[in-house]
Each structure stands twice: as structure tokens, then as C-alpha cells.
Amino acid sequence: MSNIRVQNNNYNNNNKVNSENIDSFLLSQRIRFEKQQMDLDALYLTLHIGTHNINGLAGDNAKLYGILNWMQENQVDIMALNETNLDQKNGVFKTPDNFKEQFYIYWSSKQYDKHKGSGVALICSRKWNKHYQGHKIHSPYLLSVYFLFRNVLFCIWIVYAAPQNKTILPNTLEQLKREMRDETIYKKSNNIIHILMGDFNLITNGLIDRTPPQHISRPKFFNDLETLGLIDSYRKLDEEAQGNTYHKEGVSTRIDQIWVSETHSNKLVNFSITPSTFITHSDHDIITLTMDTSDLIRNNRKNTVYDKLPTVTTENAKSRWTSKIAKYNQDYVTSTEDNYKCNITTHGIFSEEWFDTLKTKVNYRLRADYKKYKSAETKSIKDRIDKRVEITRDYQTTWLSSILDRNTLTNIVIDKVLVNEETGISTKRLATEPREVKKAVDNDFTNMFRKRNTLLDTMTPIWRQIYEPV
Numbered sequence: 001m002s003n004i005r006v007q008n009n010n011y012n013n014n015n016k017v018n019s020e021n022i023d024s025f026l027l028s029q030r031i032r033f034e035k036q037q038m039d040l041d042a043l044y045l046t047l048h049i050g051t052h053n054i055n056g057l058a059g060d061n062a063k064l065y066g067i068l069n070w071m072q073e074n075q076v077d078i079m080a081l082n083e084t085n086l087d088q089k090n091g092v093f094k095t096p097d098n099f100k101e102q103f104y105i106y107w108s109s110k111q112y113d114k115h116k117g118s119g120v121a122l123i124c125s126r127k128w129n130k131h132y133q134g135h136k137i138h139s140p141y142l143l144s145v146y147f148l149f150r151n152v153l154f155c156i157w158i159v160y161a162a163p164q165n166k167t168i169l170p171n172t173l174e175q176l177k178r179e180m181r182d183e184t185i186y187k188k189s190n191n192i193i194h195i196l197m198g199d200f201n202l203i204t205n206g207l208i209d210r211t212p213p214q215h216i217s218r219p220k221f222f223n224d225l226e227t228l229g230l231i232d233s234y235r236k237l238d239e240e241a242q243g244n245t246y247h248k249e250g251v252s253t254r255i256d257q258i259w260v261s262e263t264h265s266n267k268l269v270n271f272s273i274t275p276s277t278f279i280t281h282s283d284h285d286i287i288t289l290t291m292d293t294s295d296l297i298r299n300n301r302k303n304t305v306y307d308k309l310p311t312v313t314t315e316n317a318k319s320r321w322t323s324k325i326a327k328y329n330q331d332y333v334t335s336t337e338d339n340y341k342c343n344i345t346t347h348g349i350f351s352e353e354w355f356d357t358l359k360t361k362v363n364y365r366l367r368a369d370y371k372k373y374k375s376a377e378t379k380s381i382k383d384r385i386d387k388r389v390e391i392t393r394d395y396q397t398t399w400l401s402s403i404l405d406r407n408t409l410t411n412i413v414i415d416k417v418l419v420n421e422e423t424g425i426s427t428k429r430l431a432t433e434p435r436e437v438k439k440a441v442d443n444d445f446t447n448m449f450r451k452r453n454t455l456l457d458t459m460t461p462i463w464r465q466i467y468e469p470v
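In full-length UniProt numbering, the protein residues as written are 1 to 470.
Hints were generated in silico from the structure; no laboratory data involved.
Careful: at least some of the hints might be erroneous.
As the list claims (entries may be wrong) - Derived pair list, reagent style EDC-like, types lysine to aspartate or glutamate, alpha-carbon separation capped at 20 Å:
| hint | residue 1 | residue 2 |
| --- | --- | --- |
| 1 | 100 | 73 |
| 2 | 166 | 224 |
| 3 | 130 | 101 |
| 4 | 236 | 224 |
| 5 | 416 | 394 |
| 6 | 371 | 238 |
| 7 | 136 | 179 |
| 8 | 136 | 174 |
| 9 | 248 | 283 |
| 10 | 372 | 331 |
| 11 | 439 | 457 |
Produce the complete structure using the sequences and hints provided.
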């Protein structure tokens with residue numbers, strides 16, 4: 001039961017687990033454990049999607065490398081970038097070579113009369129790019145990308161609402177309406193999931209989406225999104241917790257958002273907010289959403305030989321799950337409280353009462369895993385600081401010797417020197433003959449370090465005190 005171990009970075013985000021989640025969970029686990037019967041790379045059990053205002057890519061090559069490396073480490077499938085300040089031509093050259101086989105990037109155009117404040121892009125993993133259907137560049141601020149499976153079409157919209165341009169969001173609504181009415185889209189699939197994400201430069205509620213709080217009226221744009229059948233994914237998972245993503249001059253707001261089709265909002269599993277200080281150096285956090293797609297994508301089923309899957313109601317299946325649960329319970333024996341709250345009993349396994357109890361246990365485990373994750377993260381940071389201090393202390397002598405560069409003089413070779421053309425004439429020539437060079441250098445050193453005739457009587461009192469013999 002490995003996918004219960006969710007490293008939840010969200011701020012006090014208590015996931016709501018319903019019966020459908022548990023059923024999907026058990027079904028996905030049955031698929032996972034039949035490794036011989038499936039191609040793991042062809043399974044799409046979840047969609048891990050996010051968005052980030054990267055504050056420009058044109059002048060800093062490390063930013064794109066940082067976000068791609070972070071996506072790889074955290075297994076993010078799709079990531080939207082806002083305010084790239086790049087078009088497709090320049091964006092291709094920015095992509096690091098070591099990531100070109102793992103990720104594909106689709107770029108919008110840019111506003112050529114603006115140095116900054118335009119351009120969006122979508123980064124897609126190689127796995128999801130297998131189902132890439134196409135993309136449309138609507139403007140330097142709006143891009144849509146499409147991923148088609150056998151029975152579902154994902155329409156991913158990336159928007160950057162530049163503060164100075166008040167027409168971007170209304171144009172986005174018009175494009176959404178037009179596409180939702182487009183019959184050619186429904187010829188590809190009747191099951192369509194729209195995901196709109198990016199930097200809206202607007203907040204829905206000034207009391208919980210802003211620090212310090214401020215009473216503001218709800219923008220009409222969000223009401224129009226709800227009319228179109230979209231829902232704020234963060235507020236779907238947590239109605240009250242603050243989740244600010246943009247920080248500047250003592251004010252934090254939640255202007256970076258992900259909206260999804262409300263008809264599929266029950267598939268939302270987890271929302272995560274990650275500071276980007278040491279990833280892209282942006283003043284916007286990275287937000288990601290995890291969506292359960294094990295039932296949505298029919299491709300998952302064709303990779304499983306159902307005749308060889310155990311039936312849940314058989315005694316053999318119960319025995320296998322009992323052993324797995326007993327093994328997994330060993331992860332929570334570090335404290336009496338965790339063991340009591342997180343321990344999953346096997347009595348009455350697969351009964352309705354057992355499923356009801358399992359929901360509570362899953363929530364406790366999520367919180368316990370999050371605490372362990374934060375504790376390990378804090379310890380890792382402390383260990384790194386201690387190691388750096390130890391290195392500084394133990395190797396400072398070596399560093400100082402290197403800075404002084406004591407052995408440099410032994411490597412100096414003088415093979416040419418400027419000498420006077422003739423005595424009494426200021427014209428110079430370059431001497432390269434070794435004996436002439438040696439003679440000229442000897443004369444210069446003799447003149448530089450000759451014995452001085454120090455006349456103490458002619459000096460000022462302070463210099464006389466300095467040169468006077470002890």
C-alpha cells in the first residue's frame with residue numbers, strides 16, 4: 001500500500017477521502033502490484049500538474065534548469081510557466097541538453113515591444129507527451145495544449161494576466177466559451193477535462209487569500225469561470241486555509257491558481273505549495289495539483305490481464321492484503337500515538353465498517369507522513385550547515401595558503417626586457433638575447449635594492465622615530 005505515503009507540502013491541507021477515493025486506491029494498488037502483467041510506463045494513475053511564474057528566462061539560464069530538475073525530482077508530469085519573456089525560437093536554445101529527451105516544452109509568442117512581462121510555456125514529461133494532440137498560441141499571454149487518450153481529452157490552458165493589460169482575462173473567457181461550444185472538439189472525445197492555470201493577478205477572497213487581510217469585492221472573472229463549469233482546485237480541497245503564492249514588500253497573495261472542470265473535481269487528491277527561492281529565485285511559489293486518473297484514462301485497463309488479477313472477495317486476496325498491511329504497519333511503531341492512530345486493523349477486511357475506519361487511518365497517516373517529512377527536511381538542512389561549518393574550520397589553513405600563493409615566484413621566467421637604445425637617449429628597444437636580459441635585470445635589481453643613505457637629521461620627527469635604530 002505504498003501510495004498512502006504522500007509527502008504533503010501543503011499548509012495544513014487535510015485531504016478529504018471518500019469511498020470513491022478508497023475504491024480507486026485499492027484498484028490502483030491491485031494494478032501496481034501485478035508488475036509482470038503491465039508496462040509501468042504506460043500507466044497513468046495520476047496527473048501531477050502545476051504552474052509557476054518564473055519571472056523571466058531571458059537573462060538567467062539557471063532558472064529553466066532549476067525548474068526542470070525540480071520536476072524530475074518530484075515526478076511532475078506537466079508544468080506551466082508564466083512571464084517567460086521568450087518566444088519559441090529563443091526558448092529552444094534555452095532548454096538544457098540533458099533534459100531535452102525527458103521533457104518537451106511548448107512556447108507561446110512574446111510581446112516584442114516589451115522587454116519583460118509576457119510569454120507563457122508548458123513543460124510536458126516524455127510520458128504524457130506520447131498523447132500530445134496539438135497546441136494553440138492564442139496570444140503572448142494565453143496558450144492551450146491538448147492531450148488525447150482513448151476516452152478522455154485534457155485541455156490545458158495557461159494564462160498570464162499582465163497587470164497593465166486588462167483585456168487578457170476577458171479574452172481568455174471568450175476563448176474558453178468558444179472552445180466549449182466547438183463541435184470538432186467533441187468529435188475527439190465526449191469526456192473533456194478543462195484545466196486553466198497561471199498567474200491571474202487577482203484573488204477571489206481578500207480575507208483568506210491575502211496577508212494582511214483586506215476586504216475586497218469578488219472579481220466577476222471568477223464568477224464567470226464557475227458559470228463555465230470550472231472550480232478553484234485549492235478551495236475545493238481546503239475551504240479556509242491560507243495558501244498565498246506571491247510575496248512582495250510584506251504582502252502575500254494567492255494570485256497563482258489552478259481551476260479544473262467541476263464534473264471531475266472529486267478526483268482531486270492533493271494540492272502543494274513549494275517556495276521557489278532556491279529553485280528559480282522567483283517571488284512566486286510553485287503550486288502543483290495531483291489528480292487521480294486511474295478511472296478516467298482507459299489506457300490503464302488495457303495494460304492489466306484481469307484474469308490474472310486476484311478477486312478482492314477471495315480468501316487468497318484477503319491473505320495477501322493482510323500480509324501487506326501488517327508489513328506497512330511497521331512504519332508507524334516509532335511512537336505509541338502514531339501506532340494507535342495509524343495502525344490499520346485487518347479484522348473484517350473489505351467490509352463496510354473496515355472501509356469507514358480506513359478513511360480515518362489514511363488521514364492520520366497523511367499527517368504523520370507530513371510531520372516526518374518536515375522533520376527529515378529540517379535535519380537535512382542542519383546537517384548540511386554543520387558540514388559546511390566543519391569544512392570551513394578544518395580546511396581554512398589550506399585555503400589561506402592557496403590565497404597567499406607562496407610558490408608563485410619560483411615559476412617566474414624573465415626572457416625579455418626593455419632597455420635604452422643608447423645611453424642618455426629615452427628611446428627604448430626590446431632585448432631578447434639571454435645574456436643582455438640577465439645583465440639588464442641584474443642592474444635593475446641592484447638599483448632597486450641598493451643600500452640607502454638615511455640622513456636622520458633631515459627627516460621629520462615622526463620619520464626619524466621610525467628609522468631610528470632600537
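These are the hints, each one checked on the structure:
no.: 1; hint: 100 with 73; in the structure: holds, 16 Å
no.: 2; hint: 166 with 224; in the structure: holds, 16 Å
no.: 3; hint: 130 with 101; in the structure: holds, 12 Å
no.: 4; hint: 236 with 224; in the structure: holds, 17 Å
no.: 5; hint: 416 with 394; in the structure: violated, 43 Å
no.: 6; hint: 371 with 238; in the structure: holds, 19 Å
no.: 7; hint: 136 with 179; in the structure: holds, 11 Å
no.: 8; hint: 136 with 174; in the structure: holds, 15 Å
no.: 9; hint: 248 with 283; in the structure: holds, 7 Å
no.: 10; hint: 372 with 331; in the structure: holds, 11 Å
no.: 11; hint: 439 with 457; in the structure: violated, 36 Å
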